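Peer 1: Residue-level listing of the chains:
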Amino acid sequence: GAVVSQHPSRVICKSGTSVKIECRSLDFQATTMFWYRQFPKKSLMLMATSNEGSKATYEQGVEKDKFLINHASLTLSTLTVTSAHPEDSSFYICSARDHAGVNFAEAFFGQGTRLTVV
Amino acid sequence: KQEVTQIPAALSVPEGENLVLNCSFTDSAIYNLQWFRQDPGKGLTSLLLIQSSQREQTSGRLNASLDKSSGRSTLYIAASQPGDSATYLCATGGGNKLTFGTGTQLKVEL
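Chains as they are written, first to last, in this note's numbering: chain A, 1 to 118; chain B, 1 to 110.
Hint data in this document are derived by calculation from the structure and do not stem from the laboratory.
A portion of the hints provided could be inaccurate.
Straight-line Cα separation of at most 25 Å, DSS-like style, residue types lysine-lysine; simulated pairs [claimed, not checked]:
(1) B:Lys97 <-> A:Lys55
(2) B:Lys107 <-> A:Lys66
(3) A:Lys20 <-> B:Lys97
(4) A:Lys42 <-> B:Lys97
(5) B:Lys42 <-> A:Lys14
(6) B:Lys107 <-> A:Lys42
Some chain B residues close to chain A (C-beta under 10 Å, calculated; not the full set) [claimed, not checked]:
(7) Gln6
(8) Leu49
(9) Thr87
(10) Gly101
Quick caveat, the model's predicted, so the values are computed rather than measured.
Virtual Cβ for every residue (Gly too), placed ideally from N, Cα, C.
If we strip away everything but chain A, and leave its shape as in the complex, we get:
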């Protein structure tokens, strides 16, 4: 299947600082990528849909000024957690769909980023 690479896998930051997470589609172009958040022993919650060359679409209750999304190319989307607080500590996962591949609309996921704000 297609490969989605997410970096970093783990990050610890101080409260009040900003953290950037990268999501890359390695062997296909993704006009749309998705950012999820997962709490311990919970399922994935969609935060926003990242659209190449345009503004991201945020889900209800997600602060767009806090979770900045940039999708500047067909293979890269970034999520920046601004002014991070301990309650932002979570597991963040990105996803992309290979619409041109054999498995139409199959979603592939990155390895996830464990963010800990201290």
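Please arrange chain B on chain A, whose structure you already have, making use of the hints.
Peer 2: Then chain B, alone, in the frame of chain A:
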């Protein structure tokens, strides 16, 4: 609003046993249904994708079925192995978005 439920939440079986994981959804107007595996602290690995026009998909020891009219999907794992231990998530695809179930935590014991 789509709601996806998975039963059981946790399952422990001895090695070699065949098992079935269940996934139910409230809105049958889906494009597809996808099963994933998640190891602790890791991302999701796609296992099987069933398009809305399909009834089932098979990959190795895995077989997933889809019954849209009843809002149900099952993932069948044959001859389970300790390496199958993980959390299994189903997700329905409606347009661009995926709606995830709550997951089934599987443990296969020696």
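Peer 1: Any CB of chain A closer than 10 Å to the CB of Gly101 (chain B)?
Peer 2: Since the shortest Cβ distance to chain A is 6 Å, the answer is holds.
Peer 1: Verify the proposed pairing of Lys42 (chain A) with Lys97 (chain B), using a straight-line Cα cut of 25 Å.
Peer 2: Holds, at about 18 Å.
Peer 1: Holds or violated: Lys107 (chain B) with Lys66 (chain A), Cα cutoff 25 Å?
Peer 2: violated (38 Å)
Peer 1: Is the straight-line distance between the alpha-carbon of Lys42 (chain B) and that of Lys14 (chain A) 25 Å or less?
Peer 2: Status holds; Cα separation ~23 Å.
Peer 1: With 10 Å as the cut and Cβ atoms as the points, is Leu49 (chain B) at the interface with chain A?
Peer 2: holds (5 Å)
Peer 1: Would you check the hint for Lys107 (chain B) and Lys42 (chain A), treating anything up to 25 Å between C-alpha atoms as holding?
Peer 2: holds (17 Å)
Peer 1: Regarding the hint that Gln6 (chain B) lies at the interface with chain A, is the smallest CB-CB distance below 10 Å?
Peer 2: holds (9 Å)
Peer 1: For the pair we were handed, Lys97 (chain B) and Lys55 (chain A), check the Cα-Cα distance against 25 Å.
Peer 2: Roughly 17 Å between the alpha carbons, so the hint for Lys97 (chain B) and Lys55 (chain A) holds.
Peer 1: Take the C-alpha atoms of Lys20 (chain A) and Lys97 (chain B), compute the straight-line distance between them, and say whether it is at most 25 Å.
Peer 2: holds (23 Å)
Peer 1: Once the shortest beta carbon distance from Thr87 (chain B) to chain A is found, is it less than 10 Å?
Peer 2: At about 9 Å, which falls below the 10 Å cut-off, the nearest Cβ of chain A leaves the hint on Thr87 (chain B) intact, so it holds.
Of the hints listed earlier, the one the structure fails to meet is number 2.
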